[in-house]
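One letter stands for each residue in the lines below.
4 protein chains.
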Amino acid sequence: MSVLRVGIIGVGMMGADHAARVAHRSANAALVAIADPDQDRAARLAARFDGVRVISDPMELIADPQVDAVIIASPGSVHEDQVLACIVHRKYVLCEKPLTMDSASSLRLVEAEAVAGAPLLQVGFMRRFDPEYAQMKRVLDSGRLGRTLLLHNTHRNKSVPNPDFRSEMIVRDSLVHEVDVARFLFGQEITSITVLSPAPTSHALPGVADPQVSIFTMAGGGMVTSEVFCNCQVGYEVRCEAVAERGTLIAGRPQTGLYSTVAGAEHGSWGGEVHPDFTTRFARAYDLEVQSWIDASRRRQVVGPTSWDGYAATAVCTAGMQSLATGEPVTVDLADRTLVGA
Amino acid sequence: MSVLRVGIIGVGMMGADHAARVAHRSANAALVAIADPDQDRAARLAARFDGVRVISDPMELIADPQVDAVIIASPGSVHEDQVLACIVHRKYVLCEKPLTMDSASSLRLVEAEAVAGAPLLQVGFMRRFDPEYAQMKRVLDSGRLGRTLLLHNTHRNKSVPNPDFRSEMIVRDSLVHEVDVARFLFGQEITSITVLSPAPTSHALPGVADPQVSIFTMAGGGMVTSEVFCNCQVGYEVRCEAVAERGTLIAGRPQTGLYSTVAGAEHGSWGGEVHPDFTTRFARAYDLEVQSWIDASRRRQVVGPTSWDGYAATAVCTAGMQSLATGEPVTVDLADRTLVGA
Amino acid sequence: MSVLRVGIIGVGMMGADHAARVAHRSANAALVAIADPDQDRAARLAARFDGVRVISDPMELIADPQVDAVIIASPGSVHEDQVLACIVHRKYVLCEKPLTMDSASSLRLVEAEAVAGAPLLQVGFMRRFDPEYAQMKRVLDSGRLGRTLLLHNTHRNKSVPNPDFRSEMIVRDSLVHEVDVARFLFGQEITSITVLSPAPTSHALPGVADPQVSIFTMAGGGMVTSEVFCNCQVGYEVRCEAVAERGTLIAGRPQTGLYSTVAGAEHGSWGGEVHPDFTTRFARAYDLEVQSWIDASRRRQVVGPTSWDGYAATAVCTAGMQSLATGEPVTVDLADRTLVGA
Amino acid sequence: MSVLRVGIIGVGMMGADHAARVAHRSANAALVAIADPDQDRAARLAARFDGVRVISDPMELIADPQVDAVIIASPGSVHEDQVLACIVHRKYVLCEKPLTMDSASSLRLVEAEAVAGAPLLQVGFMRRFDPEYAQMKRVLDSGRLGRTLLLHNTHRNKSVPNPDFRSEMIVRDSLVHEVDVARFLFGQEITSITVLSPAPTSHALPGVADPQVSIFTMAGGGMVTSEVFCNCQVGYEVRCEAVAERGTLIAGRPQTGLYSTVAGAEHGSWGGEVHPDFTTRFARAYDLEVQSWIDASRRRQVVGPTSWDGYAATAVCTAGMQSLATGEPVTVDLADRTLVGA
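Chains as they are written, first to last, in UniProt numbering: chain P, 1 to 342; chain Z, 1 to 342; chain F, 1 to 342; chain L, 1 to 342.
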C-alpha cells in the first residue's frame, strides 16, 4: 500500500486536529474524506485541504473503497456501530477513547475482531506514544529498578465548559487514560477500583464531584492512586510517578519548557506557562501515535493499544462509575481473554 | 530567664543530634544534663561537651532545679510518664513524636497540662518549621489560591535496620508526620483514615506491609493521600503537594541541591544525590524548631505544635493502625476539645 | 505542486537522518533521489526506501527534472558549487551549515540568488525551529521583558572521533550555531568576535583548543558569551540564557526529560540521562525545520534562515577563526546588504 | 574561652543582620557591644538585645577587654584602620568584604598579621559556607570529574538605590564575590582580568556600566566568565557552573524553593518567587559562617577565608577596575606570598 488513504469521522476539536495531522504532518498518508453530523463544519474543514470529500453518512465513508483506514473521533455513544462497520469492511481504524460506553459493547468489538481473524483496531490511548511515558515503560520493563509497586497519577484540566458535564464523565473520559497507563506500565489487569469524592471545588457545576481521587488494585497486588481534576483553573497538567523496588520515575514533571524570571510589583518571580490543554502537552504523542498507526496500517498490522485494551479500560471505568456512587471498592470483572480470542 | 538550661532524655540518634544542636548551634541555651538507660552511651556523649552532667534517672533530671527545660527523645513507650513529670515540675518540654502510644494516654497529658494551667508541651513535628512547609502554610492561609482541596504526600526512607520492625510502626512513627502536616495545612481535624497495603517490596521484612498508601478525610471534606515507604533503598524523600481551587503548591520537590552532569560508560547522566536521611533533609527545620522552642520557653510560652496536636495525631494513628488490619476506613473519635480545656 | 520530490546530496549521519525524515516523517514530500561519493553507502540507504534512485553525480541530481528540491548534507567544502547549481536550476535548497568555507564564497551565493530574482536557499540553522528557542524569540520580540542585553550560550558535545579535528572547526562547525542564535534573538548583526582558549581538556587531541570561550558584540551594544566544548565526555548539552532589562529566559535548561531516583552503593541519586547527540536533542527541531521547508517550497517561498543569514554567520566565523589565533577581538566586516540585494 | 563576647562595628543592613545572628541564632557567643557613627541607630539596635553597650568610638570597642572578637561591617574605606587595631589588640575579627579599598592597604594587613604571629582575620566571603558551594568544592577537589576547566558565574541584584553608585563599585563590591569563588574553587590565583561593558540597561544610573561581563584567567590556565548585573529588576540570583574534564556542577540553579501553579487571566503559570536579596538567599551561609567563626575563635583559630584571600581578592578587583576603563585584559600582580609570611 503506497499511501494510506484516511477518512475521519467526527471533526470536533479532536477530529479536526487529526485532520490537520494526517494532511500536514504525517508521511505516507492522504486525508481523503471526512464525515460529521454538522455538514457545515465538515465542509469548512474540508475546504482547508486539497481533495478531501465530505461524506454525509459515516457508514458510507467506512464502506468507501477509496478509504483505506478510518480515524473515529465521534462521540463515544456511536463508536460501537462505527468500529463494527470498520471491522466488517476490513478497514484499519484508530478509535478515540472511550472505545464504547460500557464493557458489554466493548467486548462485542473484541469478539467481532476475533471473528474477522485479523487485528484492525487501535484505541486512542496516545500517552503510550509520549516519549517520557514510553521511556518509563522501557525502564520499568528492563527490571533494573526491580518490581513496580505503585503509580501516582495527576491529571488536571483547566475547566469544562460543557453545561451537561456530570461526575461520571470524569471517570469515563478522563480517568480512562490513567486506567490505560496503569495497565500499560504494570503489564497487568486492574482487579478493583475505588473512586472517592472529596469536597468539590466551587468551580465545578453543582452536584459534580470534581476533583476525584481513585485507587486501582493491580492483578499482581500493586496499587495506583490518581487525582483527576477537571476544573483546576490553571491549565493542563498530566504527571505519572512510578515507585519500584529500587527507584522511582516521574514522567511529566512540572516546570518543563522555557524558563523565565520576570520583574514584579514587589517580588520577582521565576517560572513558565502551564500547557493550556492536551493538544499542546501531547502534541508530540499524537503525532507519533498517528504516524505509527499509518505505518502499521500500511504493513497490515496493529501496533498500539488493542481492542482488548479498549475493552479492559471500559470495564474498569464501568466499575469506577459504580464506585463513584458509593465510594466503596468495586471488583472489575473481565471476560476470559482466551475464550474471546483476544 | 537569661540562658535556658536544657536537659535531654534519651540520646540515641535523635537525642544525640539534639544535644549537639543545643550545645553547638543554638543561641541562649546551655546543655546541662543528659539521661539515658545506656549509661556508657550517655557518658560518652556528655564527654563531648563542657559541663554536661549524666543523670541516671530521667525523673531526677526532670526534677533537677538546675534544668529549666527538657527535650524528650526516649522511646515513645516512656513518653507519658516523662512528659507528665515535666508538667508536674513546670518544665518546658519538647517531646519527640509520637507523643504517646495510644490516644487515651495522650489525652491524659492534654488534661494534665490543662490542670497545670499553662502550656508547657511542644511536640516534635518539625516539618512545621521547614521553610517550604511554613511558606506553603502561609500561601494557603492567604486565600489567594482559594480553598484547599487535596494534599498528596510522599514519605520515603532508605531502609529500616530494626529486625523487630512491624507494619504498625509505619503508621505510628512515620505516617504520624503526614497526619500532623494535614492537620497543620488544612487547619482542620482528620475525621477518617484508611490505610491500604499494596503488595510489599521484597526489601521489607516478611509480613511487613511496606509501602503503605493512606487516605485521610478532613473535617471540611478535603482529602489527603500519602505514600509511606520505609525500605525504598534510595534515600530519604519527603514531598507534599497541595491542590487548591485556583492553584497548587509543592514542598520538597525532587531535584533540589547541587546539580551535576557526569560522564558514563555509555550515556552521561544529570542529577544529584538523594538525602540519606531526615537529619540532612530537615537539618534546617530541626535547628529552627529547637531555637524557636528555646526562645519561646525563655518567654514562658509554647509556640509550636501543642499537646492537643500531639493527642490528635496519636488518635488518628491509633485509628490508622486499626484500618491497616482491614483496609477499611476507620472513623477518628476525638475528645471534645472544649471539655478538656485544650 | 502536490508532493515535493526531494533529492539529498551527502548521506552521512546528517543526510541519512534527513532521508528518513523526508521519507517517513514528513507530509507532502517524497524522497526520490540521493547522491553520495560513497556509492555503496548511497545504495544501502536507498534500499531502505521505496523508489529512491541513486545518482552518482550530485550535479545530475540537482539538474534532474524529477527533483523539485534538494537537501545538501555534503561536506562544507563542496557547498558553494552545489548551492550555486540549485540556484541555477531554480531548485529550492536546504543547505546544512556552514553555508560555505569562507565569507567571500558565501557572499557569492547571496549575490547569485539575488540575480536569480527569487529566494531559493534556506540554511540549516535548525535551532530557530526548536520550540523553546522559537518561544524565546517570541517573548523577546514582544518587548515585555524590555530590551535584550546579554546572551549566555552553552554548547557541549560528548566527543569528536575525527583524528583530523582542529581548533578552527569548533568555530566554524559548532560555534556557528551560537552565531546564528545571537543574530536571530537580537535581530542584529554581530560586529566583533573574540575567541579565547582556556587550558584544554586532556580529552582533546594535542594542540586542539577545547573548550573555547567566545564573546560577540552586537550592533546595538549587546554582548554574547558562548562556551563550546567538543569533548566534554558527558553528552550533548545546548543551553541559551537571555538577559533582558526586566527578566531573563532560559532555553534548554538541564534536568529535562524523564526523572528517576535510583538506589546506589552508598548514596542514592536523582536525575536522568543527558542527550547523547544532536539527533535526539533537536529531533523535534529538525522535523519542524524540514516540514516547514517542504511546506514553504510547495508554496514557492523560503521562510527559514536565508542566504544572508548563512553569509553573515560565515563572516562571523571567519573573523572568529582569526581571533582564535590571537585571543584578540576581531571586527566583522559584512558586505552592504542593500548593495547585494539581500 | 567559654562564651565568645562579640562586638560589632557598623550596624547598617549587614551589621544589624549580624547583630541578630550573634544574639539570637548563634551558640556560645554573646553580643556585648556595638559601634556606629549614627549613634541613634546604634542605640535603637542595642535596645533590642539584653546587655549590649553602645560604644561611640570603634577603636574603643576594639580595645575593650570585655570584647573577645569583632565583626566589622562598616564601609570599606575604614576597614584598614579597624582591622589593624584588631590585630594590634589580638582580637579575632570577621571583616566584611571588601577587605580594603586597594591592594596596597590589604597587603599591609597581611603583613601586620604576619608580624603578630598568629592568624586573627577572617574575610566575609560567605559563599564558601553556602552548602551548595561547599559541596561543589568537595566534589571538584575529589578529582572524580577530572581537572576543573571553566567557571560560569551569574550574580544579579534587583536594584541599587544608592544615587552615588558608580561602575567601579560593581567590580569592588559585587564581582569581588566571584573573585573569591574562583580562587576558592580552583585553588589557584587569578593572573589576569578583563571587565567588559555591554550596552547598559536603562534602569542603571546614567554613565554606569551595568551589566558587566568579566573574564578571569587562572594561574593554571582555567577561565572564568561572570555576569554581574546590579539593576536586573527581578531579584537576587547567584549561580555558579563549574565545567570539569568529565562532568559539570551547578550551585544555585534557578527554580528552587516552594513551587506553585496559579490560575491566570489567560494562561496559568508555574513557578515561584525569586529571592529578594542576599539576606534570604545566603541566610544559611551567613549563619554557618558566623557560627564557624565563633567556634574557631574560641579555639583560637581562623578557618575561613584568610587575610591573604582578602588581599588577593582586592588585588584582582583593583586590576578589574583598571580593565573596566578600557575593556582590555589587565595582569594581576600579587606580592610574593612567602615573603610576606602568609
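Some clues are possibly wrong.
Said to hold, decoys possible - Derived Cβ-Cβ restraints for the label pairs, each shown as a range:
1) Ser202/F / Arg41/L: 41 to 47 angstroms
2) Ser159/Z / Asn162/L: 52 to 58 angstroms
3) Ser159/L / Phe49/P: 27 to 33 angstroms
4) His24/L / Ser56/Z: 30 to 36 angstroms
5) Gly221/P / Thr331/Z: 44 to 50 angstroms
6) Arg299/P / His267/L: 23 to 29 angstroms
7) Val3/P / Ser56/F: 52 to 58 angstroms
8) Gln301/F / Ser2/P: 25 to 31 angstroms
9) Arg299/P / Gly220/L: 55 to 61 angstroms
10) Ala20/L / Ser159/Z: 55 to 61 angstroms
11) Ala118/Z / Pro206/P: 56 to 62 angstroms
12) Gly264/L / Ala43/P: 42 to 48 angstroms
Source of the hints: derived by calculation from the structure; they are not laboratory data.
All values reported here derive from a predicted model rather than from experimental measurement.
For glycine and all other residues, C-beta sits at the position ideal for the given N, C-alpha and C.
A quick look at each hint next to the structure:
1. Ser202/F / Arg41/L: 41 to 47 angstroms: violated (56 angstroms)
2. Ser159/Z / Asn162/L: 52 to 58 angstroms: 55 angstroms Cβ-Cβ, so the 52 to 58 angstroms window holds.
3. Ser159/L / Phe49/P: 27 to 33 angstroms: violated (54 angstroms)
4. His24/L / Ser56/Z: 30 to 36 angstroms: Taking Cβ atoms as reference, His24/L and Ser56/Z lie about 34 angstroms apart, which means the hint holds.
5. Gly221/P / Thr331/Z: 44 to 50 angstroms: At roughly 27 angstroms between Cβ atoms, Thr331/Z and Gly221/P fall outside 44 to 50 angstroms, so the hint is violated.
6. Arg299/P / His267/L: 23 to 29 angstroms: violated (41 angstroms)
7. Val3/P / Ser56/F: 52 to 58 angstroms: Between Val3/P and Ser56/F, where Cβ atoms are some 29 angstroms apart, the hint is violated.
8. Gln301/F / Ser2/P: 25 to 31 angstroms: holds (28 angstroms)
9. Arg299/P / Gly220/L: 55 to 61 angstroms: With a Cβ separation near 59 angstroms, Arg299/P and Gly220/L satisfy 55 to 61 angstroms, so the hint holds.
10. Ala20/L / Ser159/Z: 55 to 61 angstroms: Given range 55 to 61 angstroms: violated, Cβ gap about 41 angstroms.
11. Ala118/Z / Pro206/P: 56 to 62 angstroms: Violated, since Ala118/Z and Pro206/P (Cβ atoms, about 48 angstroms apart) do not stay within the stated range.
12. Gly264/L / Ala43/P: 42 to 48 angstroms: Since the Cβ atoms of Gly264/L and Ala43/P sit about 36 angstroms apart, the hinted range of 42 to 48 angstroms is violated.
Comparing the model with each numbered hint stated earlier shows that hints 1, 3, 5, 6, 7, 10, 11 and 12 do not hold.
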